[in-house]
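Protein chains: 2
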Amino acid sequence: MSFKKIKLTDIAKIHHVSVSTVSKALSGHSDIKLETKRKIIETAKKLNYVPDFYAKGLRLQKTFTIGVIIPDVLLYFNSTVLKGIIHTAKEMGYRVLLSESEHHYKDEKETIQKMMNSNVDGLLISINKESDNIDHILKASEHLPIVLFDKISDKIPLTKIVVDEEKGAFNAVEHLILQGRKRIVHIGGAKNSYSSAQRLEGYLKALKKYNIPIDLKLIYNCEEVTLDEGYKIAQILLYNNIGFNALFGVTDNVAIGAIKALKEKKFRIPKDIAVAGFSDSEKAMIIEPNLTSVSQSGLRMGKTAVKYLIEEINNPMDVRTPRTIELKTTLKIRKSSSIHR
Amino acid sequence: MSFKKIKLTDIAKIHHVSVSTVSKALSGHSDIKLETKRKIIETAKKLNYVPDFYAKGLRLQKTFTIGVIIPDVLLYFNSTVLKGIIHTAKEMGYRVLLSESEHHYKDEKETIQKMMNSNVDGLLISINKESDNIDHILKASEHLPIVLFDKISDKIPLTKIVVDEEKGAFNAVEHLILQGRKRIVHIGGAKNSYSSAQRLEGYLKALKKYNIPIDLKLIYNCEEVTLDEGYKIAQILLYNNIGFNALFGVTDNVAIGAIKALKEKKFRIPKDIAVAGFSDSEKAMIIEPNLTSVSQSGLRMGKTAVKYLIEEINNPMDVRTPRTIELKTTLKIRKSSSIHR
DNA sequence: TTACAGACAGAAAACGTTTTCGAAAATGTT
DNA sequence: AACATTTTCGAAAACGTTTTCTGTCTGTAA
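For the record, the sequence lines run as chains Z and Y.
Residues in the first sequence are numbered from -10 upward in steps of one, following our numbering.
Residues in the second sequence are numbered from -10 upward in steps of one, following our numbering.
Misleading hints may appear alongside valid ones.
Said to hold, decoys possible - Under the rule of at most 30 Å between Cα atoms (straight-line distance), these lysine-lysine pairs were calculated in the DSSO-like manner: (1) Y/Lys45 to Z/Lys128; (2) Z/Lys26 to Z/Lys(-6); (3) Z/Lys34 to Y/Lys45; (4) Y/Lys128 to Z/Lys34; (5) Y/Lys171 to Y/Lys128; (6) Y/Lys(-6) to Z/Lys103; (7) Y/Lys221 to Y/Lys197.
Stated by the list, open to error - Which chain Z residues face chain Y? A few, computed with CB under 8 Å, are given here: (8) Asp41; (9) Phe42; (10) Leu47; (11) Asp204.
To be verified - Label pairs and their calculated CB-CB ranges: (12) Y/Thr25 to Z/Thr215: 49 to 57 Å; (13) Z/Asn181 to Y/Tyr94: 45 to 53 Å; (14) Z/His125 to Y/Lys317: 39 to 47 Å; (15) Y/Glu131 to Z/Lys51: 48 to 56 Å.
Please keep in mind that the hints were generated in silico from the structure rather than gathered at the bench.
The model shown is predicted, which means the values in this text are computed figures rather than measured ones.
For glycine and all other residues, C-beta sits at the position ideal for the given N, C-alpha and C.
Input sequences plus hints: build the corresponding full structure.
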């Protein structure tokens, strides 16, 4: 650790000027003579000078750091958004402090508190499960700018970046209908989840548009959107002899789990049962047959979230008008739903 | 933003004492009378006081922050390690600053520089591609503790956390041999990658142990370890009519890509060709048949890396003895390699 | 009594910046 | 030559901590 970080005083001594002069020169202040500026900037560059983040943060009360809180980095879509966030933040000169809420309300609350103490300039949050208790977020939002993304709650009056889930689901289901299917099962997610509700809405609207009666026996719910739950629910469907010729999963995972169960019972996909999922994960291209899925760009979402957050950081608005930005989805049609592919 | 962060002076005023007294009381200094301490601590708790991270960082020259640099959050194993890092860091009272090198030497270098300027207490790095140029890391390591994980270079004398790749590969190949296969293809990774070299070594050792002659025609390399490259190389193998009855992919991705090509040509797996991969990604359970794979615990790796880093941070050793910690792997045997499952 | 130790608290410096304010020097205007 | 203006720079305060040093007040031993 035999290393001396170089600071303003060092440069000041070299040129026999004051620290203030050096500081101003480096920040391009008009106070300083061009010639002096040039010299100072030159040696600063040569000595590889970089301002001390903590001194700067202390003085300016601004840290160029944004905090990111997500439930679980392992979820593929979360990783994608994170990638977008990291990239855009770097581009715009911000650092990112990352934390997981690990699906627990308590962790989320604590983490938010810690982030605030860390003097982050703003917070990017993907909410846990839609618990009814959102006070901690509301309270935090009085202290610093917060933008919500992906998993949100419509009860929180903050800027939100989401995917147009309803439209995405609608497109998927419409596609299934256009393949000639009318008995379409929907396996939905947790009941208090905003996303799940939106996707269910899309499903219902598509049926309505084509005058297909809604059969509640075709609508199921799972708590965790895992392979396993998809698998089990499909088994229940088969066991109960519910007649159906298509299935729309709230998630690729549940769709893929369902496919497994269907294949085990020798149903042909898509001939007997056409299947579609949501989120277009990598697995969609691995499962046989490849899964038709609603594709949402996490990169885009991450990028958008950062942009809006930084905008709010820079505009110290007293009255903030929360906006909801809906990102478009695209339907990736693959073999699981379409015989002609 | 109508909010006043509470600071030492506030508490000081309330109790008509000086800031120094408050500071000492809160840090449990023996200078302060027990009664005074009690009172101060109480109001601090009530007012939800938390020390300013930046003031503290500036004064103490320590930030309780570790920087993490990985090539790509989207790689599943990277995410797992990251999860382990986040969790353990939080547990030990550290924050994590995350950045991606995005597979570029330039980004890696710049990021390291930035992290150093950010006054992180230590750095956790998973190296890019094993470029020959590692000067930037060596140089940085003179300034602050660095621990390498997963993707490393044996040319860098630093503490490293890796998986016992050779042993893992050995086990996988031995398993294939014990299934009665002798013509085993190996699709390896980039030639200058340390991991790939280790896995190749394991492959060779297993063959040697069972007196199976090494046939160079069975050994291939790909630059990027993607589905696509695995797919293409398998096609080349088939096109050239190389006779083989097993395949060991350097990665689940290339193994799965290969399986795709093999299945297209109606080869039965594992009957005609047994396949194994490395890393036990989620996809291993999706592909049909499920892929036998070497499982490595990313969580464990992340946890270990953080622990060693913090140890180095706390022990300001002048002469650091670099250690290499090798984590054990386990072979997950699935249908792609074993008829009896 | 004096001397001294221990308990308790405050003043002030320091960490490395940025910025306000004012001073001095250079320039321009009569 | 006198004054006004602009250019160029520096002193010093401030951001919120921690810590060293100093000082006052007890009580106790000589």
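Hint check results:
no.	hint	result
1	Y/Lys45 to Z/Lys128	holds, 25 Å
2	Z/Lys26 to Z/Lys(-6)	holds, 22 Å
3	Z/Lys34 to Y/Lys45	holds, 28 Å
4	Y/Lys128 to Z/Lys34	holds, 18 Å
5	Y/Lys171 to Y/Lys128	violated, 47 Å
6	Y/Lys(-6) to Z/Lys103	holds, 13 Å
7	Y/Lys221 to Y/Lys197	holds, 28 Å
8	Asp41	holds, 7 Å
9	Phe42	holds, 5 Å
10	Leu47	holds, 4 Å
11	Asp204	violated, 30 Å
12	Y/Thr25 to Z/Thr215: 49 to 57 Å	holds, 55 Å
13	Z/Asn181 to Y/Tyr94: 45 to 53 Å	holds, 47 Å
14	Z/His125 to Y/Lys317: 39 to 47 Å	holds, 41 Å
15	Y/Glu131 to Z/Lys51: 48 to 56 Å	violated, 31 Å
In this structure, the earlier hints numbered 5, 11, 15 are contradicted, and the remaining ones agree with it.
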